[in-house]
Amino acid sequence: MADDIRTLSARLAQDPHSLAFLELGELLRRKGQIDAAHRVALAGLGRHPHNANAHDLYARILADKRDYERAFDEWDMALRIAPKHLGALKGLAFLYFKVGDIAQAEAHLAAAQRAVPDDPGIAQALAMVRGAGTPGIAAAAAAAAPPEQDAGAAEAATAPDSVEPASGAAPVDTADQGFEEAAVFAALDGGQEGLLLVGQAGLVVGGGLRDPAGRDVGEAVAAYLGGVAQEAARTARRLGLGEWTGLSVEGRVAHVHVCRPQSDALLAIVRDRAMPLGRLAVIAQRAAHAARRWLERQA
Amino acid sequence: MSAYGPVLEGITRVPGVRGAMLVSVKDGLMVSDHLVEGVKGAAVAALAASLAQRVSRVLAAAGAGAPAFWHLHASDGAILAVAAPEDLLVVAITAPDVNAGLVRLELLRAAEAVA
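For the protein sequence lines, the chains are A and B, in the order given. When the letters of the first sequence are read in order and numbered with our numbering, they come out as residues 1 to 299. When the letters of the second sequence are read in order and numbered with our numbering, they come out as residues 1001 to 1115.
The shape of chain A in the complex, shown without the other chains (with noise of 0.2 Å):
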């Protein structure tokens, strides 16, 4: 594997355009360099940012991080450019299955198995699922978990390994709730990081921040985004432009999009530069909607 390694990024640094970070990444990550893996991928999708698998490995690699959200948002986006992709399908249904979604869990399957009717894995996840709230649920859960990349192709499915089971999920809410939902209330609890809620006072509410040297950045930059919002406001009101209901910035380094889930709270979610600063105003419109939900149950 060390040897396939070393090739993998000799041929990457000979032409970084290739499709070898493909398998690179997913034989780092299969060694547990997680965060070689995390740099090879994110590097790969930065040139090939429409390429199904490329959204599939880093999804995986997220996960391995139990970086749930943003494995889904790489998933979700892999599905829009290949409806059929199998490591897609796996994987959201893993991940709704995480967070109690049977049925959400059960159409990916199904969809799955559709796009490889004669896969063993897919029909043993499918009738876990179909029984689950029985004991075999961590079984199912990690029958559902997503494909290994078939190095080059990508495509077919092997065992799964690395990806948490059921056992370790996230805090699950009840199943009508979603994804999305469960994300952002397990990230404003303090799960994950990329996701913080200010109050009026400039203090942090929930969700937590770090700098990409992983120091806390939270409060000063929960500090300073009570200043922004000030000033957003100021400027609407004095040019006529209504009420200000959102601000998209593309930084050098990092995304970031702030919004209002109440009038006395301020919400600003930071993303590594792969993501879209259209996307990202999409899942902080989201993230919005369940921070309000939330606020509404600390109340």
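These aren't lab readings, by the way, just hints derived from the structure by calculation. Careful, some of the hints might be misleading.
From the structure, some residues in chain A lie toward chain B, with a derived Cβ separation under 7 Å [to be verified]: (1) GLN113; (2) ALA220; (3) GLY242; (4) THR245; (5) VAL270.
Backbone N, C-alpha and C fix where the C-beta goes; we use that ideal spot for every residue, glycine too.
Based on the hints, put chain B in the right spot on chain A.
Same frame as chain A, but now just chain B:
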């Protein structure tokens, strides 16, 4: 029309753009503009520069790097801006339903031309 007039004119050709201008972030003054009637250029310049400074502080605190582009969404319109060399900002004020992607491209072109 100033030397930057033709550059800014390209931005205002996008449907829904009410005006474009080059702003000095440091002092909030307008360097050049191409506005339709009724748009308060000096106010746009001052407010956009002030907002840009605050946005820069947030991004610096978040470790997100210097802002290259920002888009303030509002119920009745929007402001989009791209950073240009020498602490300048190319700004567009638009209707709410403008094609933001197209405006962004024109702003980037203008910033390159200014450089």
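To see whether the hints hold, each was checked on the structure:
no.	hint	result
1	GLN113	38 Å, violated
2	ALA220	4 Å, holds
3	GLY242	3 Å, holds
4	THR245	5 Å, holds
5	VAL270	6 Å, holds
Going down the numbered hints, you'll see the structure goes against just number 1.
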